[in-house]
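S.K.: If you're matching them up, the sequences are chains A and B in order.
All residue numbers for the first sequence refer to the numbering used here, where the first residue is 28 and numbers rise by one.
All residue numbers for the second sequence refer to the numbering used here, where the first residue is 2 and numbers rise by one.
A couple of the hints might just be wrong.
To be verified - Taking CB as the label site, the calculated pair distances span:
#1 A:Glu166 to B:Asp94: 56 to 62 Å
#2 B:Gln27 to A:Ala41: 31 to 37 Å
#3 A:Ala41 to B:Pro95: 45 to 51 Å
Unchecked claim - From the structure, some residues in chain B lie toward chain A, with a derived Cβ separation under 7 Å:
#4 His78
#5 Asp139
#6 His209
#7 Asp223
Since the hints were derived computationally from the structure, they do not count as laboratory data.
Cβ atoms here follow ideal geometry from the backbone N, Cα and C, with glycine treated the same way.
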Amino acid sequence: MAADTKIPAMGDPAERAIPCLQPGAMADSKPYVAAPAHNEPLGFPGELVPDWQEKGIARMGELLGKYKSLQVFMDICVKCGACTDKCHYFLGTNDPKNMPVARQDLFRSVYRRYFTPAGKALGAVGMGKLVGAREFTKEVLDEWFNYFHQCSQCRRCSVFCPYGIDTAEVSMAARDIMDNIGLGHKYANEIIGKVHKIGNNLGLPGPALIDNLEGLEEDLKDETGLDIRMPVDEQGAEILLVTPSADFFAEPHVLGLMGYAKVFHAAGTSWTISTKATEAANFAMFIGSYDQMQKIAMRIREAALELGVKRIVFGECGHAWRVAYSFLNTLIGPMDFLDPRYPKPQHILEFTYDLIQRGGIRLDKSGNDGMVLTFHDSCNVARASRMGERPGGQFVIPREVIKACVPKFVDMHPDTIGEKTFCCGGGGGLLTDELMDVRIKGSQPRMEALNDVVKREGVTHMAAICAICKAQFTKVLPTYGFDREMIVSVHQLVSNAIVLGNND
Amino acid sequence: MTTFFAILFYAAFAVLVVGVGLKVAQYARTPAPLKIPTTPAPLTPAGAAFRVGREVTLFESLWKANKPLWIFAMAFHLGLALVVVRHLRYFLDPVWAPIVWLQPFGVYGGMAMLAGLAALFVRRVVVQRIAYISGPSDYLMLALLLAIGASGMMMKMLAHTDIVAVKSFFLGLMVFDIRVLPADPILAAHLFLVALLMLVFPFSKLLHAPGVFFSPTRNQADDPRERRHLAPWAAQLERERN
Chain A
28 MAADTKIPAM GDPAERAIPC LQPGAMADSK PYVAAPAHNE PLGFPGELVP DWQEKGIARM
88 GELLGKYKSL QVFMDICVKC GACTDKCHYF LGTNDPKNMP VARQDLFRSV YRRYFTPAGK
148 ALGAVGMGKL VGAREFTKEV LDEWFNYFHQ CSQCRRCSVF CPYGIDTAEV SMAARDIMDN
208 IGLGHKYANE IIGKVHKIGN NLGLPGPALI DNLEGLEEDL KDETGLDIRM PVDEQGAEIL
268 LVTPSADFFA EPHVLGLMGY AKVFHAAGTS WTISTKATEA ANFAMFIGSY DQMQKIAMRI
328 REAALELGVK RIVFGECGHA WRVAYSFLNT LIGPMDFLDP RYPKPQHILE FTYDLIQRGG
388 IRLDKSGNDG MVLTFHDSCN VARASRMGER PGGQFVIPRE VIKACVPKFV DMHPDTIGEK
448 TFCCGGGGGL LTDELMDVRI KGSQPRMEAL NDVVKREGVT HMAAICAICK AQFTKVLPTY
508 GFDREMIVSV HQLVSNAIVL GNND
Chain B
2 MTTFFAILFY AAFAVLVVGV GLKVAQYART PAPLKIPTTP APLTPAGAAF RVGREVTLFE
62 SLWKANKPLW IFAMAFHLGL ALVVVRHLRY FLDPVWAPIV WLQPFGVYGG MAMLAGLAAL
122 FVRRVVVQRI AYISGPSDYL MLALLLAIGA SGMMMKMLAH TDIVAVKSFF LGLMVFDIRV
182 LPADPILAAH LFLVALLMLV FPFSKLLHAP GVFFSPTRNQ ADDPRERRHL APWAAQLERE
242 RN
């Protein structure tokens, strides 16, 4: 476990050596299995059902009929190996089953055995191996549980695949099948249960949230001397802010939330948080459940309608922005009750960037004196969404906002940013302590690129726009010899730089 | 032998057309419930079609991934394309002018194809990661293509066969008139392996050829905020809920 994790060395990101394979290196890494109390509220069997093999194969058949991605990806991989050196978990662990194609093959081998003529025919006479077909045995299922929970669904492999095969789609399908036969991932399912029961991932009830936000208003008053509000359930507000619950108190997340409040204050735009939709995160995406994802997203529609807001703005969260940008219109649309002049939904960075462009807020870089920033592109924002009106706006807008706030900005190695960005190592539902070993190793490529700009350019801080990235880096930075406070929210920088009222 | 090959080619052609047809129909029918283009992605359907076109003709993503592999893959696929075009002369009478002009280049295509395949084979054996992910069928497929290319080149370079008769055989097949095929062992091997390739096509990874056009991460436009995307089964779910 974490205590005996061997921290991978950090070299030059420009001359990364492709590791030698260490079969079985991560064979024992797995999350806790969900208990009946975690599975049943989501409608999944409490524990592994006796006829799991039959049920699992049947569920695979259903998914193949429902998802073009899965059906096509199962058939068209040619094993060219373009993806084999692209996954951060492979680069950090050297375990060959963490190569995207090998991870997919854990699933594909079962597909070939039960859903292809060649696999069925040869499999029946024990020669399935010839065409890569395997029986769905308990050993195979155990491999699924271990290795599909060493994938953060970051889509880096899909950038490089000549057919666009996305391992995230496969790992979502595998997790869905496992949930449907009662083999759930405790961390994810427990959290989804909390969202249904209490309203957010952290299980923070409404009164506690209000209390907490009042405390933040006082902090803002102490800092600025101004009455900067953190409104909750305010009828008729212009904007509903949906943000990850970590923003309400975790560091550095909460400093970002205070930044959003300052921006809204400076813009003079009324806004509110809803006690109904106190969570932007949607962990149902990680477990591949369309049904659960829609249920969680529906809270946002209901909250927006109840409060009569005209716009929905999302706070800094990676996978939440994927669900918001790419899926929300599908899941809870059409959102014709919102003001058509604005994107539905909008990212807080789009909001702030627009204000900066129009001169609606003033920023003073001296608020971040002495800081040299770099930016970690979060995987779901980078490869599964967009900001602004042009492709790639998700790379430009955060950087422009940061540059407007800080004296010096430096990008990390080009192979580690933009569409080629490396995952923080904790995405996809892996942000749980029992997976610390794979989380630390999986962050190696990012740490290496960061170390490079720290050495060469004197970078002091790395900004991110994802609650998971921020939490993950807070944990892993110290293991690589960095200060845990090196990771900052983008709106924390805005918060430090923004010029408010006449008091400044 | 003539009868055997006539039946073989009718069967192989039927399996290829029906098999690939069924697969394409399956890909086309299966809904994509969510917008999942790998971003940054084009904003319009036309842009997305252009992106797929670049993947198919330039292997754009592969270029990003691995330059040597891109060169091997390009040599093989471009070579194969030239060879296929060159072979059209066996099925056309009269032969179209562009195909006549391309004949000499077809031979270079054959060489490029063999060189590319050989490099891909060596890579599969030598590179540890690629050896790990390679199964028997991956090697067999390369071996099959190499054998087809090698037997073809042998007939061009070493032991010529009666290509006028070969052409007559295939033109005959196309009008259901069985004409005599030369009894040449290299030709027999070549044709047998080609038929085998046609037979395994719909059951193997060769489906990447039609499949790439259906890959949602490449063929979808990035417009989810502007246009509501709803698969039929998701719409059904929505109706049941309301």
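S.K.: Each hint should be assessed against the structure and marked as holding or not.
M.R.: Do the hints match the structure? See the list:
1. A:Glu166 to B:Asp94: 56 to 62 Å: 59 Å, holds
2. B:Gln27 to A:Ala41: 31 to 37 Å: The hinted range 31 to 37 Å is violated for Gln27 of chain B and Ala41 of chain A, with Cβ atoms some 44 Å apart.
3. A:Ala41 to B:Pro95: 45 to 51 Å: 57 Å, violated
4. His78: 10 Å, violated
5. Asp139: 5 Å, holds
6. His209: 4 Å, holds
7. Asp223: OK, holds: Asp223 of chain B within 7 Å of chain A, min 6 Å.
The structure does not agree with the numbered hints 2, 3 and 4 stated previously, though it agrees with the rest.
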